[in-house]
Structures are given as C-alpha cells and as structure tokens.
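Q: In order, the protein sequences belong to chains B and G. What the first sequence shows, in my numbering, is residues 1 to 398, in sequence order. What the second sequence shows, in my numbering, is residues 399 to 506, in sequence order.
It should be emphasised that the hints constitute simulated quantities derived from the structure, not laboratory data. What you are looking at is a predicted structure, and each value in this text was computed from that prediction instead of being measured. Just so it is clear, CB atoms sit at the ideal spot from N, CA and C, and this is done for glycine as well. One or more hints might be untrue.
[Said to hold, decoys possible] Okay, the calculated bits of chain B under chain G, using three or more residues with CB under 8 Å as the criterion:
1. 146 to 156
2. 301 to 313
[Said to hold, decoys possible] In silico DSBU-like pairs for lysine-lysine, Cα to Cα no more than 30 Å straight-line:
3. B:K289 to B:K303
4. B:K289 to G:K437
5. G:K490 to B:K289
6. G:K490 to G:K437
7. B:K299 to B:K289
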Amino acid sequence: MKRSSRQRPKSSLLLYLFVIAALVLSAWYGRTRSAPDIRPHLQEIYPEAASFTVLEGVYAVLDERGETLGWAASGSANGYAGPLQLLVGIDTTGTVSGTSVINHRETPVFWRMVRFPEFFSEITGTPFEKIDYSYEDVVGVTGATRSSDAIVASVRQAVARVAGERFEVTIPIPIPPWEFGFFEIMIMVLFAGAVASRYLNRPMSQGWRWISQVFALVLLGFWENSPITLTKLTGFLAGWFPEVRTNLAIYLLVGGFVLSVLIFGRSLYCTHLCPFGAIQRFINLIGGKSIHLPVWSVKLMRKMRDVIVFGAVVTALAMAQPGLAHYEPFAALFSLKGSMLQWFLLLIVLLLSLIMDRPWCNFMCPMRTGEWALQDIRDRVARTRRGSHESRERGDQT
Amino acid sequence: MSFFTSGLFWFLEGVLFCIFILAVRAWAEDRSIPMPYWKWISLGAWVFLAGFTLAFVGTSFGEGEPAAAIRGGILFGIIVVIAGAGLWRLLKMESSQGEEKLATETEE
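Next up, chain B with everything else stripped away, as it sits in the complex (with noise of 0.2 Å):
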C-alpha cells in the first residue's frame, strides 16, 4: 500500500511542462481577466445617479442636472481565499450612502455565514465619523473570522479613503497585531516533536505520533477548525497572501509540510498534524481493521485523484475563486458546516475509515498530490547533484 521513493513513478518532464503551464496560463487569465463594473455598484448606493468621475481613487457621483450626490471609494483586504473588494458611498454631509460587495473569493459556505448585510444596513446613514467597526456585528454564528476581517478592513479602507480626500478627515488604520498564542506554539511544538521522533525508536515514535495526533484532532480540529485546505492552497498559487499578523498559523502549518517534505523526503503535517487524518486513524483502531486493494485500482485511484485536483485547481485558478477548488468535507465535521456533497464525503470516508487504513489520505486528500510533486522535485534533484558530485569525481580521476 505504501508507496516509497524508488516505486513512484518517474514523472516525465514534459507532464511538469504541461501541469506548470497549465497553472502559470489559468492563474494569469483569473488575475487580468476584465475588471469589475463599478457602475452597477454605484448605481445600487445611489439609485439617481446618473454619471460619476473619478479623481485620486474616489469616485464622485452626479445626478442628472449635474450635482454631486455624494462619493464612494472603494476598499480591500485580504479575506480566507484572496482578497474582498466593497465599494462604500458617502454623501456630501458625511453620512454613509450605502455599500456594495464588488467582488470576493470566499468559499461559499462561509461567505454564507458572515453578517454583512446586517453590518452594511447598520452602518448605513451613519456618519462617517461614529462608524461601529467592532467585529461582533460581522461574524456570523461561528467561524467565517477571516472574511468578516476583510469586511470590516475594507469598510474603513474605502472610508479613509472618502474621508481623506474630499473631508480632509484622517481615519487612522490600524495594524492588526501579531496573532501567537497558545495555538501557534502548539503547532511549532508539534512540529518539533514530530522531527525529533524520527530519531526515537519505533515504540517511542508511535507513542509521539499518537499523542501528536490528540492534539491535532482536538486543536487544528475541533477547536481551531484550520487544516490546510486546498483553497488555501490555491490561493497562495494565485498569488494572494494572507496577513502574515493574523496568519501566523496557516504559514506555519503550509511552511512545515513544504519544508519536512523536501527536507526528510515526507510530510510531517499529514503524519502527526492533519485532524482529519488523525479522526481516520482513531476511527481505524475502533474498526480493527485494515483491508488492502489491488495495487492496480490503488494507482487507478491516485491518478484519479491528481487529475481532479489538478482540474480543481486550474478551475479555481482561471475563474479567480480559489474557493471552487473547495472539496475537502473538514469544514463539515470540525464546525458541522458544508455542501451535501461534503456531507456525503464525510459519511463514506469515516465508515470506509472503520476497515481500510486512512481512505481520504490514501486515495483523495489533495496534500498527497502536493506531497507527490515536492517528493519527485527532491529527488530530481538529489539526482542531478549525485549526477554532477559522480562526474566531478570521474574528472579528478583522469
């Protein structure tokens, strides 16, 4: 069932061509595709607006007799799959017109839960001055923290921007401060614990791995609900970086499976630190058993399993919606919200967990994908230095 170094197969260089430009091309057509229209935005904050000019990034809106209604700017900020772009209007007294989402990358079913509306219609005939920013208005039940950040960062964006230019009024922005807690330590713990147990023996590294697994499942989990998803993933391809301050985590966690992949050849992150892997492996224990497939349908699967994600991901990628490559179902058991088709997912992959060992890690976690192709970049160029180190050697000789 294991795959090791020598069995994976030899990618060929011209599939690495192919699988690069395919990524390089979609993520460039998603990033100059047309520009949104503001027009119909404007026309949603001021109904009588008939035309606009725009002068230093902000927009001034006139009626049909050519009076200045109000003006708007817009704002941005980074929410969990890329960044969130609002327009926020602001009459010639200094109240709030109204705001309007231009465009976001949010996975659907979070962007579901976060209050904006709510938060718009509460700041809208305020003056700009009063606005509320405190984020509890924005949050939805639970989660979605990410997206509700970029709201409210947006919303004073755009504001400032107003306020600055045309009320001479500065609205102080603030810098978010550096989030490291308790969680950010335990992943940094975690880590470091899983590289030291490669040099216990076999008891003792179980025993870690175990223990490392509680911890994941209970704080990456159910706590925290932040394993690396592919729309994460897929937003870092396209470019689109989080706030390292409020981030910290997500860095940490991306940079540990990058780093122990390439360093010790596989990931740490998914051996001692994914949650869902962990649920899989408890759920395994409970079940007691382990069926093994033909190695013809688990290669079948694995290639099945490439191709979607890469279809995935180039999808995300060209549309510029990193959150369609969202197919993963943690979202449905760490905080019991997802698609039917997540919900569905789940429901096979933990009973499949009861007699097969780690079904969703074997056969579709899209981290196996990117663990395949940072496994095979190592190795090609541990070949290439072995090569060039051989024939370095061959040269001293003659």
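Start from chain B and add chain G according to the hints.
A: Using the frame of chain B, we list chain G on its own:
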C-alpha cells in the same frame, strides 16, 4: 392520525424492543459471553443513540427540513455506526477470551 403516531406503532415497537433484549441475552448465553451491568448500559446507550438518530431523521423530514434530516442523519449515523463497531468488538473480544478459557478448562 398516521401509523407512526398511532398506539399500534408504539405497541409493535415495544414488542420489538423486548424481542431484541431477549435475543441479545440468548446470543450472549450461546457464546458464553459474560454480560455484566456496564455492557447492558453500553448497549442501552447505543440503542438509545440509534433510536434518537432514526427519530431525528424522521421528525426532521416530517417537519419539512430535509437538509437537517440528511445532515443530522449523516452525522449521528456515523457516530452510531462507529460506536456500534466499537461495541461489537468489545463483545467479541470478551467472547474470544471466554472461548480460550473454556478450551483451557477442557484440556485440564
């Protein structure tokens, strides 16, 4: 009044439940599986959970909430199946221990 809210339904359910308990007892006796109180409590808790899951799904559908029925059914269904598998293994483990003990006693 539908069948599921009639007295007949609850009467039949009671009969089935009694048969189930008697069947479990007979099954354990046939295999020399000791059934201490904690096993009966575990089994009762599992039956309650399974019944709750069925009731949740049925009532949610009845209330016109198919999405809740499916999601709740999947979530509780997974818990019921996994807990059932664990309980089954627990019973079987005791059973194999009982058989080993019986074989040792016979040899002696």
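Q: If a hint holds in the structure, say so; if it does not, say that too.
A: Against the structure, the hints:
no.: 1; hint: 146 to 156; in the structure: violated (count 0)
no.: 2; hint: 301 to 313; in the structure: violated (count 0)
no.: 3; hint: B:K289 to B:K303; in the structure: 25 Å, holds
no.: 4; hint: B:K289 to G:K437; in the structure: 23 Å, holds
no.: 5; hint: G:K490 to B:K289; in the structure: 14 Å, holds
no.: 6; hint: G:K490 to G:K437; in the structure: 12 Å, holds
no.: 7; hint: B:K299 to B:K289; in the structure: 21 Å, holds
Checked against the numbered hints above, the structure breaks hints 1 and 2 and satisfies the rest.
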